[in-house]
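**Student:** The residues making up each chain are set out below.
Number of protein chains: 2
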Amino acid sequence: MDAVIISIGDELVLGQTVDTNAAWLSAELASRGIGTLWHLTVADSRPAIADAIRRAASETRLLIITGGLGPTDDDLTRHALADVLQTALGLDETSLAQITEFFTRRQRPMVDRNRIQAMIPAGATALPNDVGTAPGIYAQVGPAQVFIVPGVPSEMRHLFNVHIAPRLDELTGDTKRVIRTAMIHCFGEGESGIAERLGDLMARDRNPLVGTTVSDGIISARLRSEFPTTDQADRELEDTARLVHEALGPLVFGRDGQTLPGVVGELLKRNHQTLATAESCTAGLIGKMLTDAPGSSDYYLGGIIVYSDASKQRDLNIPADMLNTHGAVSEPVARLLAENVRERFDADYALSVTGIAGPGGATPDKPVGTVHFGLTIRDQPTQHLHRIFGGTRPFIRDLTAKTALNLLRLHLLNR
Amino acid sequence: MDAVIISIGDELVLGQTVDTNAAWLSAELASRGIGTLWHLTVADSRPAIADAIRRAASETRLLIITGGLGPTDDDLTRHALADVLQTALGLDETSLAQITEFFTRRQRPMVDRNRIQAMIPAGATALPNDVGTAPGIYAQVGPAQVFIVPGVPSEMRHLFNVHIAPRLDELTGDTKRVIRTAMIHCFGEGESGIAERLGDLMARDRNPLVGTTVSDGIISARLRSEFPTTDQADRELEDTARLVHEALGPLVFGRDGQTLPGVVGELLKRNHQTLATAESCTAGLIGKMLTDAPGSSDYYLGGIIVYSDASKQRDLNIPADMLNTHGAVSEPVARLLAENVRERFDADYALSVTGIAGPGGATPDKPVGTVHFGLTIRDQPTQHLHRIFGGTRPFIRDLTAKTALNLLRLHLLNR
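Residue numbers (the numbering used here), protein chains in the order written: chain A, 1 to 415; chain B, 1 to 415.
Calculated directly from the structure, the hints in this document are not laboratory data. Quick caveat, the model's predicted, so the values are computed rather than measured. Cβ atoms here follow ideal geometry from the backbone N, Cα and C, with glycine treated the same way. One should not assume that every hint holds.
Examples of chain B residues toward chain A, derived with CB under 10 angstroms [unchecked claim]:
id : residue
1  : 84
2  : 86
3  : 111
4  : 168
5  : 171
6  : 227
7  : 230
8  : 274
9  : 314
10 : 344
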C-alpha cells in the first residue's frame with residue numbers, strides 16, 4: 001500500500017518554514033512497509049485543500065494531512081474536509097471538554113477562539129490530543145482513510161504514535177509487505193565514481209533498490225528493501241549493505257545517523273588517542289566539527305587558528321623564510337604546522353590545513369580551492385595531501401574540513 | 001503569477017532527506033512577487049515525474065523542478081521531460097565540453113557515466129552550471145516555462161540566481177502589483193519581546209505587513225510591501241523599515257543578507273581594527289563564523305582553541321590555581337583568556353568563551369548551558385558576561401558564538 005501526505009500552510013508555500021513533517025511521516029510509514037506516493041504542500045486555502053483531499057483520496061487508501069487545525073482564521077483544514085464530505089461542522093463536546101481542561105491545567109485563560117478547535121465535520125471522528133489544544137480528525141473519504149493532525153511537529157508526532165500507527169497494521173493487513181531502509185555514507189569520491197563502483201547494484205529493478213544522494217560533499221547510497229516479512233526485508237537489506245560495503249571499501253565511513261567527525265572521534269576514543277589541529281583557511285571549522293559530538297574532550301585537545309602569517313610564525317614556529325619561499329599555502333608549511341601543533345599539544349595526531357578558500361587570494365600557480373593538508377602521527381613520518389577544490393567559499397571550506405578528517409580516518413582504519 | 005515547485009527523489013518520499021529546496025525557492029519567488037501554488041514531491045519514477053510535469057504545466061506558467069539530474073540510473077528527470085515533450089534526448093556538445101572542463105580543472109578523471117549529464121531533450125536548452133557537473137534544463141511545455149535544476153542545494157541556488165532569477169521579471173511583467181520584501185535581523189531578545197516592542201506595527205491588516213520569524217537564535221522582522229508601483233512599494237517598505245528600526249534600537253544588527261559575524265567584521269574593517277579569539281566550548285565556531293566572509297583576514301588574526309585545561313594553562317597562561325579554585329567555566333578564567341589571547345596576538349580586541357555545552361559536565365552550581373564570556377579591548381578594562389542558555393548542545397554552542405559576537409558588536413556601536 002502507498003500513502004499520500006499533504007502539508008498545509010501559507011508559511012510552507014511562502015518558504016518561511018521548511019516542512020520536516022512530511023519526511024518524518026514518510027520515514028515512519030516506510031518502517032512499517034508503507035511507501036509514499038507523493039508529498040503535496042498547499043496554502044491555507046479552503047478550495048485548494050479540498051481539491052488536494054479529493055485528488056489524494058482517488059489515488060490512495062491512506063492519506064495523512066498535517067496543519068491547518070489551529071484556532072485562527074487561516075486554519076481551514078476542518079472546513080475543507082467538511083466540503084469534501086458535503087457536511088457541516090459540529091461541536092464535539094468531548095473535545096471541547098479536553099480543550100477547556102488543557103487551559104485549566106496550565107492556568108491560562110481559554111479564549112473563545114479556541115472553541116473552533118472542537119468543531120469537526122459530521123461523520124468524522126475526533127482524535128484526542130493531550131499535548132496541545134487541537135484534536136486530530138479521522139474520516140473515511142471514499143475508499144481512503146484520512147487522518148488530519150496538527151502541523152506543530154511535537155503534536156503531529158504524538159498523534160501519529162497514539163492514533164495512526166496502531167491502525168496501520170490493520171490497514172496493511174491484506175497487502176503484507178515490509179520496507180526497510182538504510183543510508184551508507186561515503187567520502188572521497190564523486191557521485192559518478194561511486195555509481196561506477198556500485199555498478200549493477202544500482203539497477204532500477206533490483207530489490208533491495210540502491211540509489212545515491214549527495215549532501216555537502218557526502219555521497220550516500222540509499223538502500224530500500226521491500227519484502228513480505230520483516231525478517232526477509234532485514235536480511236536482504238543487510239545482504240545488500242554488505243555488497244555495497246564491498247564495492248565501496250574504505251570510501252564508506254558510516255551508516256544512517258553517523259557523521260564523518262563522529263566516526264573519527266569514535267576511532268580515536270576506542271584507541272585512547274588524542275588529536276590537535278592547526279587551521280588556517282578553515283579557521284576553527286575542523287575543531288567545531290570534532291566537538292559537535294558530546295564527550296569530544298576525551299580525544300580533542302584543542303588547536304591553533306593560524307589565520308594570519310604572524311600567527312603561523314609566532315604560535316607554530318613556521319620560519320619566515322619558509323613562508324617567503326613557498327608561500328603560506330604550500331606543502332612544507334602544511335607539514336610543519338601539523339608537526340609543531342602535535343608537539344605543542346603533545347597529541348597522538350595532528351591535522352593541519354592551509355588553503356585559498358576564495359574568492360580572492362589566488363595566484364597564477366595556486367587557484368582558488370588549492371589546499372594543502374598535513375597529518376602527523378607520533379613517531380611516524382608526516383603525511384601530506386594536496387587538493388584543488390571547486391565551488392564557493394563555504395563549499396571549499398566545508399570540503400577542506402571533511403577531507404582533513406577523512407585523511408585521519410583512513411589512517412586510523414589502516415593502522 | 002503563481003509558480004509550482006516539484007522536488008524529485010526517492011530519498012525525499014522515503015523520508016531519508018528533508019527537502020529544503022522547495023522552501024528556499026518559494027522564499028526567493030515570494031521576494032519577487034511570485035506566489036507558489038503548491039509544492040509536490042515525487043519519487044525517482046519516470047512516469048510519476050512526467051505526470052507531475054504535465055499536471056503542473058496545465059496549472060501554472062512557471063514550473064521549477066529540482067533533482068534527478070545526476071549521472072546515475074535513478075536520475076530520470078531529463079528522460080521524463082523528454083517523454084512530456086515527446087522528443088528524444090540528444091547530446092549537448094557545449095555542456096559536454098563544460099563537464100569535461102570541470103573534471104580537468106579539478107584534476108579528476110571523468111567517467112563515461114557523466115556524459116548523460118550533457119544529454120537534454122531536443123527542443124530544450126541547457127543552463128550551464130559552473131559549480132557542478134549537471135547543467136540545468138529549460139523548456140517550454142505548453143504555456144509553462146519549465147526550469148530544471150540539480151537537487152544539490154548549493155548548485156540549485158547558484159543556477160536559480162544565474163539562470164532563473166534574471167528571467168522572472170519578464171515573466172511577471174504583465175501583472176499589476178509589485179511586492180517588495182525585507183528582513184530586519186535582531187539578536188539579544190526573544191520573539192515575544194520583539195513582538196511586544198513592535199506593537200501595532202504587527203497588525204495583520206497593515207501594509208507593509210510586518211511579521212516575525214526565528215532561525216537559530218536570530219529573530220527577524222519580515223516586511224512585505226505590496227503596491228501598484230515599484231516606487232510606492234519601495235518607499236513604503238523603507239518607511240516601515242525605519243519604524244521597525246526605531247522600535248527595536250540596537251537589537252537590530254542587520255538586514256536581508258547581512259549576518260551577525262559579517263556585520264562585526266564590517267565594523268572592525270571600517271575601524272582598521274583587529275580581533276583574536278580564545279574558544280573553549282565553541283572550539284572554533286566563532287573563528288569559523290568570523291571567517292565565513294571573504295576578506296576576513298583584514299581583521300581576524302586567529303585564535304586558540306583551548307578545549308582542554310592543559311591548553312588553557314600552556315597556551316594562554318591560565319594558572320592551575322585559578323582553574324582549581326574557580327573551575328574552567330568561570331568569570332576569572334573567561335577574563336584572563338580574553339586578556340592573554342589579545343596580548344598574544346597583539347590584537348585590538350579579543351573574545352573568549354568558556355562554558356558547558358552539555359549534555360554532560362554540569363555541576364550543582366553550573367547547569368548545562370552556563371557560559372562565561374570575556375571581551376578585552378586594548379587599553380581598556382575587560383568586560384565579562386554570564387549567561388545560562390537552554391536547549392541542546394548544538395543550539396547552546398551556536399547561541400554562545402553569536403552572543404560573543406554580539407557583545408563585541410554592541411561595544412563597537414557605542415565606542
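**Student:** A separate judgement is required for each hint: does it hold in the structure or not?
**Tutor:** We went through each hint and held it up to the structure:
1. 84: violated (17 angstroms)
2. 86: Constraint on residue 86(B) not satisfied, violated at 22 angstroms.
3. 111: holds (5 angstroms)
4. 168: violated (15 angstroms)
5. 171: violated (18 angstroms)
6. 227: violated (19 angstroms)
7. 230: violated (21 angstroms)
8. 274: holds (9 angstroms)
9. 314: With a minimum Cβ separation of about 8 angstroms from chain A (threshold 10 angstroms), the hint on residue 314(B) holds.
10. 344: holds (8 angstroms)
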